[in-house]
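Asker: The residues making up each chain are set out below.
There are 2 protein chains.
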Amino acid sequence: MRRLVRPFVLLKLVRPPVLLFALACTAVPAPADEGMWLVSHPPREILAQRHGFEPTAAWLEHMQKSAVRMDASGSLVSRDGLVMTNHHVGSTQLERLSTAERDLLRDGFLARTRDAELRCPDMAMQVLWRIEDVTERVSAAVAAGLSPADAFEARRRVLAEIEQEARQRTGLDCEVVTLYGGARQHLYGYRRYTDVRLVMAPEMDIAFFGGDTDNFEYPRYDLDVCFFRIYENGEPLKAEHYLRWSAGGAADGDLVFVFGHPYRTQRLHTVAHLRFLRDVELPEKLRSLWRREVKLAEFRQRGPEQARVAGDEFFGVQNSRKALTGILQGLHDPELIAEKQRAETLLREVVPARGGNAENDPWDRIERALLRYREFFGRQDLLNGRYALRSELLEIALGLVRLADELPKPSAERLPEYRDAELESVYLQLYSPAPINLDLEAHRIASGLSLMAERLGADDALVAELLDGRSPTARAAQLVRGTTLVDVAARRQLAEGGAAALAASTDELLAFARRYDRRSRELRERYEREVESELASAYQAIAAARFERFGEEQYPDATSTLRMSFGLIGGYEENGRSVPAFTDLAGLYRRHAERAGQPGFALPPRWLERRERLRLETPFNFVCSADIIGGNSGSPVVNRSGEVVGLVFDGNIHGLVWDIAFTETRARAVAVDSRAIIEALREMYDARELVAELTGR
Amino acid sequence: MRRLVRPFVLLKLVRPPVLLFALACTAVPAPADEGMWLVSHPPREILAQRHGFEPTAAWLEHMQKSAVRMDASGSLVSRDGLVMTNHHVGSTQLERLSTAERDLLRDGFLARTRDAELRCPDMAMQVLWRIEDVTERVSAAVAAGLSPADAFEARRRVLAEIEQEARQRTGLDCEVVTLYGGARQHLYGYRRYTDVRLVMAPEMDIAFFGGDTDNFEYPRYDLDVCFFRIYENGEPLKAEHYLRWSAGGAADGDLVFVFGHPYRTQRLHTVAHLRFLRDVELPEKLRSLWRREVKLAEFRQRGPEQARVAGDEFFGVQNSRKALTGILQGLHDPELIAEKQRAETLLREVVPARGGNAENDPWDRIERALLRYREFFGRQDLLNGRYALRSELLEIALGLVRLADELPKPSAERLPEYRDAELESVYLQLYSPAPINLDLEAHRIASGLSLMAERLGADDALVAELLDGRSPTARAAQLVRGTTLVDVAARRQLAEGGAAALAASTDELLAFARRYDRRSRELRERYEREVESELASAYQAIAAARFERFGEEQYPDATSTLRMSFGLIGGYEENGRSVPAFTDLAGLYRRHAERAGQPGFALPPRWLERRERLRLETPFNFVCSADIIGGNSGSPVVNRSGEVVGLVFDGNIHGLVWDIAFTETRARAVAVDSRAIIEALREMYDARELVAELTGR
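Protein sequences appear in the order of chains A and B.
Here the working numbering is used: the first residue of the first sequence is 465, the next is one more, and so on.
Here the working numbering is used: the first residue of the second sequence is 465, the next is one more, and so on.
No lab work stands behind these hints: they were computed from the structure.
Cβ coordinates follow ideal geometry from the N, Cα and C atoms, glycine included.
Some clues are possibly wrong.
Covered stretches of chain A, as calculated for chain B (at least 3 residues, CB under 8 Å) [said to hold, decoys possible]:
1) 686–695
2) 730–743
3) 747–760
4) 911–918
Construct the entire structure; sequences and hints are all you get.
Answerer: So this is what it looks like as structure tokens:
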């Protein structure tokens, strides 16, 4: 869902942009608490042997149906459809619900009654309701001996058919998930909810205390939480499953579980692929991010309203920059590459390449495909990447252009993000009443066009076509002036009128989007043909052999779907000094005093005024060794009884490398303690109704 | 002077890094107040006809000998050797004179007695004392028919000989300046001073009020001034020439003059060269700047001491980023390129290429040389550019390595920056007692090494050689741990011991510098051989023909040497609103209130406490149409009588494009009004002695 990419999705645990392909399983038994496990195949043996814990089917089903999927993760926490997630996951909606006069992102929000809850303009949530193995049907549909490109197409077609048929049969949102590098295909059916309302959010200054300085660091002191409520037919959802609140919280050494939706890991990349990541993909992406961070900082300096409207995007960019820097630092560590190389050499001996000849060696095929990709990665990233030319109006225009092209086709033949199952999301975004700031739009388009001119040269055919004889700034101004797409009614008219309405329109931005889309599709097709299908086929060859050997006792790389992780609460050593697992509210005030006046370290007025009310010994944040990654933001941390003891909101700096390799000496997941949430709701926000709803007290 | 490049030279009017070659003269009569004129060939006719002003020889000599050359510009303003320049020109010295306990950059400084003046660790100043035309001697030494590379070498050799001989003859610092694209060679002889002491600097918050937000903008409210004093033989310099202070200041519409040292203009670039600038050089440099800005911001967030030590560099990077962005925006304007193209087409008809055949067409030769340069520009910029791997310790290590290599050669055969005439500067920097922050050094080296790995790939031979099997962070830590070059005595010992001492040393950074220097020289030589000499020869061909036609009635492109500009004080129109020429002190407080609490808009405590003392109607900053560029920072603005009425410190945003083309509709130079300087010295700083020294009252 949400394939209509918004300019920037703010996730502390960032979800990197290009999902190359859902990859393989791990090669050797997982060390310690490694693993993002399928709820349908939990690590029973490890849990039993190492931690004396045996999850029942009922326990697993309850956790599965209490977990909520959105841009990142969340969980149902009351019988009346209350959903808990991170402030930084809800922040886009907070920004969209704000105006120059009412800044919810900065000032927070509390609905004391159901009537006061604010409907989010374009937020959807899903709960995973059923899982079905469809591997055989997929395999049957992809004839042996097809070329990688043809196999890729055949697979795509059968997946779309399965999804559409299941959707009609079950009434659920259906999606086939490719696991273990293609060795298994699971059909996931979701209940979907689109009436979501804001219940409570704290102020930005306490939710993101420490700002960019403390982001991905530990110790931390953040109340990174907010609450939404799912409505169904205008009434609060009657939740069949929801998580109970732990009365006592957790303690150092406790076993805890995290249920969430890790977006993507790349732990099974070949060494050639890691080198591509290190030398091409990450440097290119960081290049765009550094630029964007500076450009946005400049825009925000223009005044308070500019600072407000670009705030969410700015923090998202900073967050991505820090996350990708962490991965790159890992890749620049020669030990890490050497370790991966050793494992790969072993694997290439243990798992002989299928097909028997060097031409077919999957490691070599991956290397060759990536060499080809080097030639156009920059251009592809500029047109289809996440940090390039992005604007809300342009996304709308592109959505209209693509809808008109795709809708006439049978669902299975459309671009995946325009299949029937996705249309509700597409329209939710397209008709979103969220306000659009034209200044920021013009800035984004000018910045994106200039980026293209900087990278490809101003005389490049694509750049010249898009600029149409103007400078980037002049062209952006003309496009923003020449569009009516700010108006939701205009969008609706164009969407309903289809190709004919588009052809008749004189909207400048639509005309621009048509040019852009043509070039973007060309490159997307080239990428799928020359790179993605090759990678998929080669990784499948590696993975199939691996799967035969290790089976489902391994976890698959993350795929934006529900996973369970587990680990122990516990501190670590850093620079010869011990970092304890828990911080407390007293520590918040110490850090505030220590960093007085520095950006990111302000406290909201009420946190200064009401300090005396707080029990300062209340645990505030804690770390545990559960295996998480981008997309896990907002995941509940639960104890053996499945009760909430915390809320994941970050990983520490050592955990950034988890994208490519798990380590647990110092890498940790960072969570808000459930006791701090209750203490703050009660003493800072007087949110007694909410406390009662969560705790029953 | 100062060829040992410091990591970043902070100049509002930034001096871009690669001086390709001093270029040609303008093709057509200058419009309006265009022109950075030689003091030896002032625009007599224009001044007389347009402004009724006829500068006498005495007036010109007085101005020449009152002007001071340093990293940028300054002027003598008292008989006792007092020098006025910008705060942002003095800021590097302010930072070097600071410690964690005494932050002169932030808090300012005032010496109430001569004894209290602070000697700067490594600041040199020059005053231009004589000018001699040596064109004939140079031409005679470069035989006709030489290849571009051989001609380049022959020219370099004869220039070195002339300089050395003149130095022995006159006792002055001597430098041959190539003007009008090589059509003229002038020998400039300078008096040089190395005992320079800090007299007065205001607080950063008032010197740079508005920060990055208002930088290159107008209206402005900055007291961007500071004062040094030149000492000779331990006594204040008895200045033969110095500027008097205007009693009344200047008014709207007044003719004013600017005497300063514009670093480099590129107004005579061919269109192919402008395209190279637009599509290769500026994007590459900006890419490094954006990255560095973010990296430095992260470093500064670590704590107040980190914020302090990296402050000067950070503001320099922000400033360069904004300046280069302005030039790039100009180049992205298709009108500008079309205009340049029209002029070039005309010129190619009017000035037929010499040699007669297409092979020799200088425009084509420039285009071909730049095509070759594209192949290694990135690598060259990484090794020899200004924004790549730079650290103070590494500069010292490189200085030692290069000194040992160069000193044994005859002066004329050395790298230009190690000729006898430059050695005093080299040693001044090498033995500078300025404190070096090891945290920042490790950060700079790690960041620079990582930049190389990002751009060239971690497996690139150069990168692997420099990293020596470590990650960038680990390698940087090892180098900083393994060097004794923080200690000035250790540097002195190594410098005096020459090659033998270096060979015996186990200093890790020295060993690194040797590797680095070898690669850096290879690329530098390749650049000179394949690009610089070709460009020089082709531009000379264009320029020689031009010079025959237009002669010295034109001004040459800027060459970091003394120039006079002139213009009228006057406002302009922007977005339909009129921007007046002058701001006043009342406006400062209005802007402060309007932007309360935003970064860059704080005022120093005394400016809040003593507000009532100020005559708020005092003019604060003003704009004029005088033609300036990077390097003009600190230039005095004088009236027809040669009296100080202001101090150039910036150009507005429209003036950034002056690097490549002069326009005067909205582009302006920005200056501090002399009256505000006196008002502030008297009422804010109680600096009555200084006021008396400046005004005689």
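Asker: Taking the hints in turn, state whether each one holds.
Answerer: Checked hints:
Beta-carbon proximity to chain B at under 8 Å applies to 0 residues in the stretch 686–695 of chain A; the threshold of 3 is not reached and the given coverage is violated. Counting residues of the stretch 730–743 of chain A whose CB falls under 8 Å from any CB of chain B gives 3; the rule of at least 3 is met. Judged by the Cβ-Cβ criterion of 8 Å, the stretch 747–760 of chain A is covered by chain B as claimed, because 7 of its residues qualify and three suffice. Given as covered by chain B, the stretch 911–918 of chain A passes the check, having 3 residues with a CB less than 8 Å from a CB of that chain where 3 are the minimum.
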